[in-house]
Amino acid sequence: ASDPTKKLTWNLTRVATATERVVDVYDEDVLLFTPGWRLLATVTASSSATADIESVFSSSYDNYVIEAYDVRGSINSQSLQVRFKKGGSYLTGNVYAQRASTESVSTGQTSITLDFNISSGTGEQNFYRLTLVKPLDTGKSTLLSIQGANTFNNTRSSSMGSCTTTGAVQGVRFMMASGNLTTGTFKIY
Numbered sequence: 001a002s003d004p005t006k007k008l009t010w011n012l013t014r015v016a017t018a019t020e021r022v023v024d025v026y027d028e029d030v031l032l033f034t035p036g037w038r039l040l041a042t043v044t045a046s047s048s049a050t051a052d053i054e055s056v057f058s059s060s061y062d063n064y065v066i067e068a069y070d071v072r073g074s075i076n077s078q079s080l081q082v083r084f085k086k087g088g089s090y091l092t093g094n095v096y097a098q099r100a101s102t103e104s105v106s107t108g109q110t111s112i113t114l115d116f117n118i119s120s121g122t123g124e125q126n127f128y129r130l131t132l133v134k135p136l137d138t139g140k141s142t143l144l145s146i147q148g149a150n151t152f153n154n155t156r157s158s159s160m161g162s163c164t165t166t167g168a169v170q171g172v173r174f175m176m177a178s179g180n181l182t183t184g185t186f187k188i189y
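Just so we're aligned: the sequence shown equals residues 1 to 189 in the working numbering.
Watch out, some of these pointers could steer you wrong.
Pairs of lysine-lysine residues, derived as DSS-like cross-links and limited to a Cα-Cα distance of at most 25 Å, are as follows [as the list claims (entries may be wrong)]:
1) K134 x K86
2) K140 x K86
3) K85 x K140
4) K187 x K85
5) K85 x K134
6) K86 x K187
7) K187 x K134
If you are wondering where the hints come from, they were derived from the structure by calculation, not from laboratory data.
Make a model of the complete structure from these sequences and hints.
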């Protein structure tokens, strides 16, 4: 570098004595120690009508992964749902479709259902991983791959959803079909 005050230090304290480690440098730009996933935001629900993830979508990333866990609603046996924000507001019309791995496609829905019959009690454990594919592509439907399960009455393993309204995603909203989100942690990478 043209600035002599910049330096790079290699810390070799974790390499055992008389051990050689080889570092190959390929002809490609690399950011060292950049994790495969970078945590962009965490939203925690606490007696909230919704949990919204916004202001994180940029052209820096092609895909986003959202992890949700410990989700419970204020009313027993309700479904966890998701909607997308496009054009400045969350879409509530019949613009969503989804399909579980063993079910037929359901179209014309007002949201995508991630899981059914979620318990309002504290004994249930649940985890969901959603992959949002190219959410800034304005010319195509927004695609959502869903994996997850809960330990109450349901073990939904995988499904997919889409929003047929084109436009860039500006936000993702999680909500229960009825009642508030009592708890829930939502992380986007």
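Now the hints, each set against the structure:
1. K134 x K86: With a Cα-Cα distance of about 14 Å, the restraint between K134 and K86 holds, given a limit of 25 Å.
2. K140 x K86: holds, 13 Å
3. K85 x K140: holds, 15 Å
4. K187 x K85: holds, 17 Å
5. K85 x K134: holds, 14 Å
6. K86 x K187: The given pair, whose Cα atoms are some 20 Å apart, holds under the 25 Å limit.
7. K187 x K134: holds, 18 Å
No hint from the list above goes unmet by this structure.
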